[in-house]
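Enquirer: Under our numbering, the first residue of the sequence shown is numbered 1, with each subsequent residue one higher.
Because the hints were derived from the structure by calculation, they are not lab data.
Since the model is a prediction, treat every value here as computed from it, not as a measurement.
Hints may contain errors.
Claimed, not checked - Quick list of the computed label-pair ranges, beta carbon to beta carbon:
1. Ser79 / Gly112: 30 to 40 Å
2. Phe91 / Glu70: 14 to 24 Å
3. Gln14 / Asn51: 33 to 43 Å
4. Glu83 / Lys27: 14 to 24 Å
5. Glu63 / Lys11: 13 to 23 Å
6. Glu70 / Glu37: 27 to 37 Å
7. Glu63 / His122: 15 to 25 Å
8. Ser24 / Ile4: 35 to 45 Å
9. Ser24 / Glu63: 28 to 38 Å
10. His122 / His68: 15 to 25 Å
Idealized CB from N, CA, C, for every residue including glycine.
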Amino acid sequence: QDMIIKNMTFKVEQTLTVVGVIKSDPKRFVVDIGESEDRIAFHFNPCFDDNRHINIIVCNSFEGGNWHQEQYEKSFPFSPGKEFKVYITVFTSFFVVTLSNGSTFCFPNRMGAEKYSVMGFHGDAVIRSIEIK
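All chains should be modelled from the sequences, with the hints used to inform the complete structure.
Expert: Okay, here's the thing in structure tokens:
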């Protein structure tokens, strides 16, 4: 079940906290942050086994009908049936992501916007809560 949230402001130096549970036999799940559904500044995609990637996080951005250069993160603290927390902080030039196991990585804010208003949640996770602080 996909969930799209529109008109929820996520501004520079704020942190989005996503809490959810991974479904059984997952392929992948996605958190998208952007200006619209077809302008995604940050695509966060933990892949369990989607025929291309196994137990790796794929990050990207989507603009003008095209995906940009993928970035891969090997830290993978996600397990079927288990709860997870992901913290995403936005800055003008990058996003900082902190995972449940404490590992952190950065992804460039390629659009450079100071606020985003659309968030999408897709795939094999049940989202329990989202919070922006």
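Enquirer: Are the hints correct? Go through all of them and say.
Expert: Taking the hints in turn, this is what the structure says about them:
1. The hinted window of 30 to 40 Å between Ser79 and Gly112 holds, with their beta carbons roughly 35 Å apart.
2. Distance hint check: the CB atoms of Phe91 and Glu70 are about 21 Å apart, consistent with the given range 14 to 24 Å.
3. Taking the beta carbon of each, Gln14 and Asn51 are about 35 Å apart, inside 33 to 43 Å as hinted.
4. Between Glu83 and Lys27 the beta carbon distance is about 19 Å. The supplied range of 14 to 24 Å therefore holds.
5. At about 20 Å, the CB distance of Glu63 to Lys11 agrees with the hint of 13 to 23 Å.
6. Restraint check, Glu70 to Glu37: a C-beta distance of roughly 20 Å breaks the suggested window 27 to 37 Å.
7. At roughly 18 Å, the beta carbons of Glu63 and His122 sit within the given window of 15 to 25 Å.
8. Checked against the hint of 35 to 45 Å, the C-beta distance between Ser24 and Ile4 comes to roughly 24 Å, which is inconsistent with it.
9. Look at Ser24 against Glu63: about 34 Å separates their beta carbons, and that is inside 28 to 38 Å.
10. For His122 paired with His68, a C-beta distance near 19 Å keeps the hint of 15 to 25 Å intact.
Violation of the numbered hints given earlier is confined to hints 6, 8; the remaining hints are satisfied by the structure.
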